[in-house]
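Chains A and B supply the protein sequences, listed in that same order.
Whatever position you read off the first sequence (first residue = 1), add 266 for this note's numbering.
Whatever position you read off the second sequence (first residue = 1), add 266 for this note's numbering.
These are computed hints drawn from the structure, not numbers from a lab.
Note that beta-carbon positions come from the ideal geometry of N, C-alpha and C, so glycine has one too.
Certain hints may be false.
[Stated by the list, open to error] Calculated lysine-lysine pairs in the DSBU-like style (CA-CA distance at most 30 Å, straight line):
#1 B:Lys338 to A:Lys425
#2 A:Lys425 to B:Lys279
#3 B:Lys425 to A:Lys388
#4 B:Lys338 to A:Lys424
#5 B:Lys424 to A:Lys425
#6 B:Lys296 to A:Lys424
#7 A:Lys359 to A:Lys290
#8 B:Lys359 to B:Lys279
#9 B:Lys359 to A:Lys424
[What the hints assert, rightly or not] Covered, in the sense of this in silico footprint (three residues per stretch, anywhere, with C-beta under 8 Å from a C-beta of chain A), are these stretches of chain B:
#10 309-319
#11 354-364
#12 384-395
#13 403-411
#14 414-420
So you can see what is in the structure, the chains are spelled out below.
2 protein chains.
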Amino acid sequence: MSVIAATIPQFRKMLQNLDTFLQKGVAHAKQRSFEPSVLLSARLAPDQYAFTRQVQAACDAAKFAAARLAGKDPPAHPDTEQTVEELHARIQKVVDYLGTFSAKDFEGAEARAITLSFMPGKTISGENYLVELAAPNFYFHLTTAYAILRHNGVEVGKKDFIGSLELKDA
Amino acid sequence: MSVIAATIPQFRKMLQNLDTFLQKGVAHAKQRSFEPSVLLSARLAPDQYAFTRQVQAACDAAKFAAARLAGKDPPAHPDTEQTVEELHARIQKVVDYLGTFSAKDFEGAEARAITLSFMPGKTISGENYLVELAAPNFYFHLTTAYAILRHNGVEVGKKDFIGSLELKDA
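Take these sequences, add in the hints, and give me the full structure.
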């Protein structure tokens with residue numbers, strides 16, 4: 267198992283953690299008697315993405331990382347989600363998509379020349395793409411989504427963020 | 267160059283980006299005529315770490331990742347910073363420390379059995395440690411520090427967060 271191959275199941279786990287934050291947000295809204303949709307439009311600054319867009323961006327970051335590193339075409343997921351249920355379904359679609367990959371799909375991914383629409387005439391190696399762009403971008407949107415909920419009083423903690431670890435007995 | 271070896275220069279670059287956010291925060295405070303130390307104690311929720319502690323945690327996450335993956339003892343950096351200058355110096359100390367590592371230091375790091383004080387009787391492989399714990403934890407604190415400044419009106423953007431990329435001509 268290479269680090270690249272290990273990163274895709276990790277992104278999958280983190281998206282499942284994100285779904286848990288979302289469910290905790292819904293429970294918090296119900297307890298305080300406000301509409302959960304209020305959280306979906308919450309943001310930390312007027313010119314920053316709201317929660318829904320942060321979740322969509324995290325989903326896309328994970329989906330594109332897997333597809334580009336494996337040299338596959340990702341499915342299209344238009345950003346049309348308006349409700350908690352639709353956002354949950356969007357996360358689940360990417361969780362399912364990431365589950366279709368195996369370590370074999372990422373053989374040679376480190377050296378793969380990746381092209382990106384916003385960098386015409388340039389390529390980036392799979393290794394640099396993951397380390398410099400895909401992982402920071404994924405965690406940026408995931409953490410911001412978490413921070414928006416945290417800022418709005420939802421009881422999410424660092425343990426929810428990190429989730430389970432692959433430990434062995436010493 | 268392995269993904270693990272590439273991650274340490276990446277963490278180093280991201281800490282330099284963090285220092286840039288901090289300097290932008292200082293400039294913003296001066297422009298608005300408030301003390302920059304106000305930003306250091308800002309937080310997104312009453313029971314969440316303030317900016318200073320987020321920076322210290324990001325510094326520690328990067329320092330421990332490099333040391334543990336290379337099987338070295340990291341230097342001690344007590345969390346005593348009170349001013350912008352001290353926080354800048356803390357970041358610089360870790361930037362310098364990460365600069366002492368080379369790809370050779372991480373040979374075999376994937377399979378290294380890593381022990382952590384908060385997981386007695388357990389080990390985690392270097393690969394899982396990086397992917398499941400060190401990277402998410404580092405980006406969690408880095409993004410939260412960024413989000414605190416963003417929430418307080420500092421003009422930082424996604425490009426500042428991602429920073430430079432290692433591109434090639436197509």
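Going through the hints against the structure:
no. : hint                 : result
1   : B:Lys338 to A:Lys425 : holds (27 Å)
2   : A:Lys425 to B:Lys279 : holds (27 Å)
3   : B:Lys425 to A:Lys388 : holds (18 Å)
4   : B:Lys338 to A:Lys424 : holds (27 Å)
5   : B:Lys424 to A:Lys425 : holds (26 Å)
6   : B:Lys296 to A:Lys424 : violated (33 Å)
7   : A:Lys359 to A:Lys290 : holds (20 Å)
8   : B:Lys359 to B:Lys279 : holds (13 Å)
9   : B:Lys359 to A:Lys424 : holds (26 Å)
10  : 309-319              : holds (count 3)
11  : 354-364              : violated (count 0)
12  : 384-395              : holds (count 8)
13  : 403-411              : holds (count 5)
14  : 414-420              : holds (count 3)
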